[in-house]
Amino acid sequence: GAGVSQSPRYKVAKRGQDVALRCDPISGHVSLFWYQQALGQGPEFLTYFQNEAQLDKSGLPSDRFFAERPEGSVSTLKIQRTQQEDSAVYLCASSLVGRPTQHGYTFGSGTRLTVV
Amino acid sequence: QQPVQSPQAVILREGEDAVINCSSSKALYSVHWYRQKHGEAPVFLMILLKGGEQKGHEKISASFNEKKQQSSLYLTASQLSYSGTYFCGMTSNTGNQFYFGTGTSLTVIP
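So the sequences go chain by chain: V and P. Using our numbering, count along the first sequence one by one with no gaps and you end on 116. Using our numbering, count along the second sequence one by one with no gaps and you end on 110.
Hints were generated in silico from the structure; no laboratory data involved. Note that CB positions come from ideal geometry on N, CA and C, so glycine has one too. A portion of the hints provided could be inaccurate.
[To be verified] Residues from chain V shown here face chain P by an in silico Cβ test under 7 Å; the list is partial: (1) Tyr10; (2) Gly42; (3) Asp56; (4) Phe107; (5) Ser109.
Generate coordinates for the entire structure from the input sequences, incorporating the hints supplied.
Structure representation (structure tokens):
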């Protein structure tokens with residue numbers, strides 16, 4: 001597609017429920033990042049994929065968070081047993097190469113997760 | 001690990017200039033600058049690769065001092081459309097990590 005697509009746009013989950021957030025990067029983009037952005041804060045790094053390989057997951061806040069990109073394109077961020085502190089906007093970004101030299105990362109519009 | 005930006009917030013009148021600073025404690029490969037408007041995704045402005053590199057984008061330009069691990073964004077003759085939160089972003093040498101700065105809220109008023 002022309003841009004990075006994320007779905008759903010909004011998600012309300014009851015505490016304890018599992019959720020899955022989808023990111024469809026720009027076709028052919030090698031790199032894919034997930035970020036968590038709390039209200040009024042900057043995006044915080046969660047994890048990074050190069051193709052299907054998850055090269056860095058140091059930002060995942062707990063073992064309730066899991067991300068995958070099995071075929072090197074679409075990625076899913078799964079959060080198990082959601083808690084209120086998980087409420088945030090989850091942003092996905094992609095780029096053509098691992099270390100862009102001309103163009104930065106293209107971000108999706110995000111998924112706003114509210115845990116009640 | 002998060003780069004630190006200053007100032008945290010700034011209010012400008014149309015036509016005024018501003019400088020936003022960004023510094024990191026880690027060695028850097030590149031510096032990006034993004035602008036995010038409320039409720040929207042961050043939008044890429046520019047990337048700087050080499051120490052001392054300067055770039056321009058309309059009336060917005062930036063510099064990167066690799067030795068000091070610092071970058072500055074310069075906004076001249078600000079327009080109402082410049083309002084938003086500006087983030088620097090820094091790539092590690094491996095490229096596996098990309099961290100956003102703490103953010104600077106910029107408001108341009110008529």
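Structure-based check of all given hints:
| no. | hint | verdict |
| --- | --- | --- |
| 1 | Tyr10 | 12 Å, violated |
| 2 | Gly42 | 4 Å, holds |
| 3 | Asp56 | 4 Å, holds |
| 4 | Phe107 | 4 Å, holds |
| 5 | Ser109 | 5 Å, holds |
Checked against the numbered hints above, the structure violates only hint 1.
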